[in-house]
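Participant: The primary structure of each chain is shown beneath.
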Amino acid sequence: MAKDDYLDKHELIPKHTKLGERAVKELLATFNISKVQLPKILASDVVVKNLGLKIGDIVKIERKSPTAGKSTYYRVVADG
Amino acid sequence: MSEELIKEYIDVIPNSLLDQVRKHLPAKAKKAEVKKILELLREEFDNMQIEAGECVGLVAAESIGEPGTQMTLNTKHFGGVAELQVTLGLPRLIEIFDGRQNISTPMMEIYLKNPKCSVEEVTKIAGKIKETPLSELAKSFEVNIADATIEVELDKEAVAQAGIRVATIVKRLQTGLKNVNVKNKEDIIFIKVTKEGDELNKLYAVKETSKGVFVSGIKGVTQVLPVKIGEEYVIKTAGSNLKSVLKMDEIDTYKTRTNDIFETCKVLGLEAARQLIIDEALNVLETQGLDINIRHIMLAADTMTVAGEIRGITRYGIVGQKSSVLARASFETPIKHIIAAAERGEIDKLNSVIENVMINQPVPIGTGLPGLRTKEQGKGT
Numbered sequence: 000m001a002k003d004d005y006l007d008k009h010e011l012i013p014k015h016t017k018l019g020e021r022a023v024k025e026l027l028a029t030f031n032i033s034k035v036q037l038p039k040i041l042a043s044d045v046v047v048k049n050l051g052l053k054i055g056d057i058v059k060i061e062r063k064s065p066t067a068g069k070s071t072y073y074r075v076v077a078d079g
Numbered sequence: 000m001s002e003e004l005i006k007e008y009i010d011v012i013p014n015s016l017l018d019q020v021r022k023h024l025p026a027k028a029k030k031a032e033v034k035k036i037l038e039l040l041r042e043e044f045d046n047m048q049i050e051a052g053e054c055v056g057l058v059a060a061e062s063i064g065e066p067g068t069q070m071t072l073n074t075k076h077f078g079g080v081a082e083l084q085v086t087l088g089l090p091r092l093i094e095i096f097d098g099r100q101n102i103s104t105p106m107m108e109i110y111l112k113n114p115k116c117s118v119e120e121v122t123k124i125a126g127k128i129k130e131t132p133l134s135e136l137a138k139s140f141e142v143n144i145a146d147a148t149i150e151v152e153l154d155k156e157a158v159a160q161a162g163i164r165v166a167t168i169v170k171r172l173q174t175g176l177k178n179v180n181v182k183n184k185e186d187i188i189f190i191k192v193t194k195e196g197d198e199l200n201k202l203y204a205v206k207e208t209s210k211g212v213f214v215s216g217i218k219g220v221t222q223v224l225p226v227k228i229g230e231e232y233v234i235k236t237a238g239s240n241l242k243s244v245l246k247m248d249e250i251d252t253y254k255t256r257t258n259d260i261f262e263t264c265k266v267l268g269l270e271a272a273r274q275l276i277i278d279e280a281l282n283v284l285e286t287q288g289l290d291i292n293i294r295h296i297m298l299a300a301d302t303m304t305v306a307g308e309i310r311g312i313t314r315y316g317i318v319g320q321k322s323s324v325l326a327r328a329s330f331e332t333p334i335k336h337i338i339a340a341a342e343r344g345e346i347d348k349l350n351s352v353i354e355n356v357m358i359n360q361p362v363p364i365g366t367g368l369p370g371l372r373t374k375e376q377g378k379g380t
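Order-wise, the sequence lines are chains A and B.
If you count the first sequence from 1, position 54 lands on 53 in numbering that gives the first Met the number 0, and the numbers rise without skipping.
If you count the second sequence from 1, position 227 lands on 226 in numbering that gives the first Met the number 0, and the numbers rise without skipping.
Read the hints as simulated data drawn from the structure, not as lab findings.
Note that CB positions come from ideal geometry on N, CA and C, so glycine has one too.
Take the hints with a grain of salt, since some may be wrong.
What the hints assert, rightly or not - Straight-line alpha carbon distances no greater than 20 angstroms define the calculated EDC-like cross-link-like pairs of lysine to aspartate or glutamate that follow:
hint	chain 1	residue 1	chain 2	residue 2
1	A	K69	B	D154
2	A	K39	A	E20
3	B	K138	B	E120
4	B	K182	B	E150
5	B	K29	B	D18
6	A	K63	B	D278
7	A	K69	B	E7
8	B	K254	A	E20
9	B	K112	A	E20
10	B	K138	B	E119
11	A	K39	B	E308
12	B	K265	A	E20
13	B	K242	A	D7
14	B	K246	A	E20
15	A	K14	B	D251
16	B	K112	B	E7
Stated by the list, open to error - Partial pick of chain A residues on the chain B-facing surface, computed with a CB cut under 8 angstroms:
hint	residue
17	H9
18	N31
19	K34
20	P38
21	A77
Stated by the list, open to error - Covered by chain A, per the in silico footprint, the following chain B stretches (three or more residues, Cβ under 8 angstroms):
hint	stretch
22	89 to 103
23	325 to 331
24	363 to 370
Whole structure, please, built from the sequences with the hints as guidance.
Facilitator: Written as structure tokens, this is what we have:
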């Protein structure tokens, strides 16, 4: 078993992916916001570390939602 | 055929509704009919959505708070047939939403890689997890004054049940005690006190401390209980140490969880903690027989995690990070907040709800939210 394998597959953790540059622009344009207005996730978060993300990156989180089936959430990686 | 049509709506109608359409759609439905159904659904869904400016937080607070008054204050619940004590009811709910770091009954649910194994195997794994002091593994402690040594005779059966080697016990004792030299000869462990001086007193002191040294198991886990759910075994524990448990080979690392939200945040990340807040809160409410819409709890969980770390709904948590002085002052300890703000020279921009209530101005919610578009350019709304 690979180390920290559970960070990808644990049932509590939804899928995290890094949002590409173009997608980031689109996202910010759709909601007419700047990055700082997004919800945050700390750079020291284990899942973020595992993905090797830097401060300022945007993480796309695909949650399983009991109300909507699937829902996407975005967080910006913040210092800390 | 209809699948293509459904796919067109993937961005405007949530997945769960589309799934229901797929399920109930008659196979013979014509394209135009499917289109009509989807259009109707879309219209209905748009109407059902919450309006911009609706104060969802207030509704959530009421919806959780009112049924909360009917909860029993009885904290001591026993999880089913299990003999583990679990905090439930209002105290647990407060614990969750306050974002307490130290919860009163931390516990883990450990799933096994091979859940259909025999009783013996489960007991063995459980024995490995439980934190055991030396006194539970020893038959006798004897003090040999002449050699300044303590002789500990181990209980072979207990050692076997804990699934630990004598060498490991020796190692743990060596690191757990100060100024000693630990050796073993088969089942007898010799603890020699190396520090010179008041030897006799020291000897007895070491004997007592050695009894409490944890030589086996995972730190923090005080009680283990294998429970059979259906065909499968789950080990429930009192005390929680998720990180160490996840390192074990015998357990299912994808399902094992703790009820400690902060620990989950540390080990599995923020999103897992958010999910756990929802699960735990729902669990409490359900056991109390209360039916609260999950959306309210999801909103609370989202609010608690929005800053990247878990913040409770308290004056130190999410209320403390509000930018408005008056809003902070209105919640708890007003004088403290106002004095501190005066010292720092804070400015209140009055762009939220509570401070506008205080100064008798329209609040920016509902119809109070939109500003006038006809104002002169360059002068804000």
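Participant: All hints are to be evaluated individually against the structure, with a verdict given for each.
Facilitator: Checked hints:
Restraint check for K69(A) and D154(B): the C-alpha separation of about 54 angstroms exceeds 20 angstroms, so the hint is violated. A threshold of 20 angstroms between alpha carbons decides the hint, and for K39(A) with E20(A) the separation of about 18 angstroms falls inside it, so the pair holds. Between K138(B) and E120(B) the alpha-carbon distance is near 25 angstroms, which puts this suggested pair outside the 20 angstroms criterion. As the CA atoms of K182(B) and E150(B) are separated by approximately 10 angstroms, the hinted pair is consistent with the 20 angstroms bound.
A distance of roughly 18 angstroms separates the Cα atoms of K29(B) and D18(B); the hinted pair therefore holds under the 20 angstroms criterion. Note on K63(A) and D278(B): the hinted pairing holds, with a Cα-Cα distance of about 13 angstroms set against a maximum of 20 angstroms. With a CA separation close to 16 angstroms, the supplied pair K69(A) and E7(B) stays within the 20 angstroms bound. Under the criterion of a C-alpha separation no larger than 20 angstroms, the hint pairing K254(B) with E20(A) is inconsistent with the structure, at around 34 angstroms.
Simply put, K112(B) and E20(A) have alpha-carbon atoms about 40 angstroms apart, too far for the 20 angstroms limit, and the pair is violated. Restraint check for K138(B) and E119(B): the C-alpha separation of about 23 angstroms exceeds 20 angstroms, so the hint is violated. As the CA atoms of K39(A) and E308(B) are separated by approximately 8 angstroms, the hinted pair is consistent with the 20 angstroms bound. For the hint pairing K265(B) with E20(A), the CA-to-CA distance comes to about 29 angstroms; that exceeds 20 angstroms, so the pair is violated.
Of the pairs offered as hints, the one joining K242(B) and D7(A) holds, with about 15 angstroms between alpha carbons and a cut-off of 20 angstroms not exceeded. Simply put, K246(B) and E20(A) have alpha-carbon atoms about 36 angstroms apart, too far for the 20 angstroms limit, and the pair is violated. Proposed proximity of K14(A) and D251(B) is supported: the alpha carbons are some 19 angstroms apart, at most 20 angstroms. For the proposed pair K112(B) and E7(B), the alpha carbon gap of about 41 angstroms is over 20 angstroms, so the pair is violated.
This hint holds: H9(A) has a C-beta 5 angstroms from the nearest C-beta of chain B, less than the 8 angstroms allowed. Taking 8 angstroms as the C-beta contact cut-off toward chain B, the hint placing N31(A) at the interface is violated, the least distance being around 13 angstroms. The beta carbon of K34(A) is not positioned within 8 angstroms of any beta carbon in chain B (closest approach about 13 angstroms), and the interface hint is therefore violated. Using the Cβ-Cβ criterion of 8 angstroms, the hint placing P38(A) at the interface with chain B is satisfied: the shortest such distance is roughly 5 angstroms.
With a least beta-carbon distance of about 5 angstroms to chain B, the hint placing A77(A) at the interface is held under the 8 angstroms criterion. Only residues whose C-beta sits within less than 8 angstroms of a C-beta in chain A count toward coverage, and the stretch 89 to 103 of chain B has 0 of them, not enough to reach three; the restraint is violated. For the stretch 325 to 331 of chain B, the proposed coverage by chain A is not satisfied: 0 residues have a C-beta within less than 8 angstroms of a C-beta in that chain, short of the threshold of three. With 0 residues having a Cβ less than 8 angstroms from any Cβ of chain A, the stretch 363 to 370 of chain B misses the three-residue criterion, and the hint is violated.
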